[in-house]
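With the sequences and hints as input, model every part of the structure.
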Amino acid sequence: QKEVEQNSGPLSVPEGAIASLNCTYSDRGSQSFFWYRQYSGKSPELIMFIYSNGDKEDGRFTAQLNKASQYVSLLIRDSQPSDSATYLCAVRGGGGSARQLTFGSGTQLTVLP
Amino acid sequence: DTAVSQTPKYLVTQMGNDKSIKCEQNLGHDTMYWYKQDSKKFLKIMFSYNNKELIINETVPNRFSPKSPDKAHLNLHINSLELGDSAVYFCATTGGGETQYFGPGTRLLVL
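Keeping their order, the protein sequence lines are chains X and V.
Just add 1320 to the spot in the first sequence (first one is 1) and you have our numbering.
Just add 79 to the spot in the second sequence (first one is 1) and you have our numbering.
A few of these clues could be false.
[As the list claims (entries may be wrong)] Derived DSSO-like pairs: lysine-lysine, alpha-carbon spacing no greater than 30 Å straight-line:
no., chain 1, residue 1, chain 2, residue 2
1, V, 123, V, 146
2, V, 115, X, 1387
3, V, 131, X, 1362
4, V, 123, X, 1362
5, V, 98, X, 1376
6, X, 1362, V, 150
7, V, 120, X, 1387
8, V, 131, X, 1376
9, V, 120, X, 1376
10, V, 101, X, 1362
11, V, 146, X, 1362
12, V, 119, X, 1362
13, V, 119, X, 1387
14, V, 101, X, 1387
15, V, 123, X, 1387
Everything labelled a hint here was simulated from the structure, so no lab data went into it.
Pasting the structure below:
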């Protein structure tokens, strides 16, 4: 059974700080890793994906992947109140898993003005 | 134009009733999904269809029956609704890239 685990939070950071969101996964065969953002009452939207070990940066967001430790994280630099949302980590296996994603339960982030 | 639309947006019904949720996507994608998100925000896949054919059916009670009349539509029919079915149901689609596009969700409350 694939599992993806996240701290549910809530995580509070002051405006301008770095928010660090963490995720671990159980399936060593997982190939692709995603971070979705979900505002309250809205649908999830993809903000980043990463395949390879190391860091991937996109604007204020950096995804970090360590396959040996089965760990993926998301850093949000210069956090803004508009970043306040639930962040969902998702993992996709290889082979015949089609494009099935397994989601964690999300971390609620609040950025305090 | 909305890429993925769902109807209804809200659904309040009594236990034991049968209800349907409809999903349509105008992105021309082959693959569509139904997810259930519970009150703890846990988003779990229920079904996946590729070009009208079922390819994933997670452990879901057989009271839930998806139907795909064409590759732009994936509907979800639920028989004999139970209290535990209360959740937000999201339809999603992907076209071969990495992004899954989610619909706005249908908030189901079973009383």
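### Task
Sort out whether residue 1362(X) lies within 30 Å of residue 146(V), counting only the CA atoms.
Measuring from Cα to Cα gives roughly 25 Å; hence the hint holds.
### Message
Hint check: residue 123(V) vs residue 1362(X), CA-CA at most 30 Å. Holds or violated?
### Response
Holds, at about 16 Å.
### Query
Does the alpha-carbon distance linking residue 119(V) and residue 1362(X) stay inside the 30 Å limit?
Satisfied, since the Cα-Cα distance of roughly 15 Å is no more than 30 Å.
### Query
Is the straight-line distance between the alpha-carbon of residue 1362(X) and that of residue 150(V) 30 Å or less?
Given pair residue 1362(X), residue 150(V) holds - Cα atoms ~25 Å apart, limit 30 Å.
### Message
Against the 30 Å threshold, does the CA-CA distance of residue 120(V) and residue 1387(X) hold or violate the hint?
### Response
Between residue 120(V) and residue 1387(X) the Cα gap is close to 26 Å, so the pair holds against 30 Å.
### Query
Is it true that the CA of residue 119(V) sits at most 30 Å from the CA of residue 1387(X)?
27 Å, holds
#### Entry: Given hint residue 1362(X) paired with residue 131(V) - CA-CA distance at most 30 Å
27 Å, holds
### Task
Measure nothing beyond the straight line between the CA atoms of residue 123(V) and residue 146(V); if it is 30 Å or shorter, mark the hint as holding.
Holds. Residue 123(V) to residue 146(V) sits at ~19 Å (cutoff 30 Å).
### Query
Does the structure keep residue 101(V) and residue 1362(X) at a Cα separation of 30 Å or less?
Cα-Cα ~18 Å, so holds.
### Task
Could you grab the alpha-carbon distance between residue 120(V) and residue 1376(X) and see if it respects the 30 Å cut-off?
With a Cα-Cα distance of about 26 Å, the restraint between residue 120(V) and residue 1376(X) holds, given a limit of 30 Å.
### Query
If you draw a straight line from the CA of residue 123(V) to the CA of residue 1387(X), is it 30 Å or shorter?
Answer holds: residue 123(V) to residue 1387(X) is near 23 Å, not above 30 Å.
### Message
Does residue 1376(X) sit within 30 Å of residue 98(V), going by the straight-line distance between their CA atoms?
### Response
44 Å, violated
Comparing the model with each numbered hint stated earlier shows that hints 5, 8, 14 do not hold.
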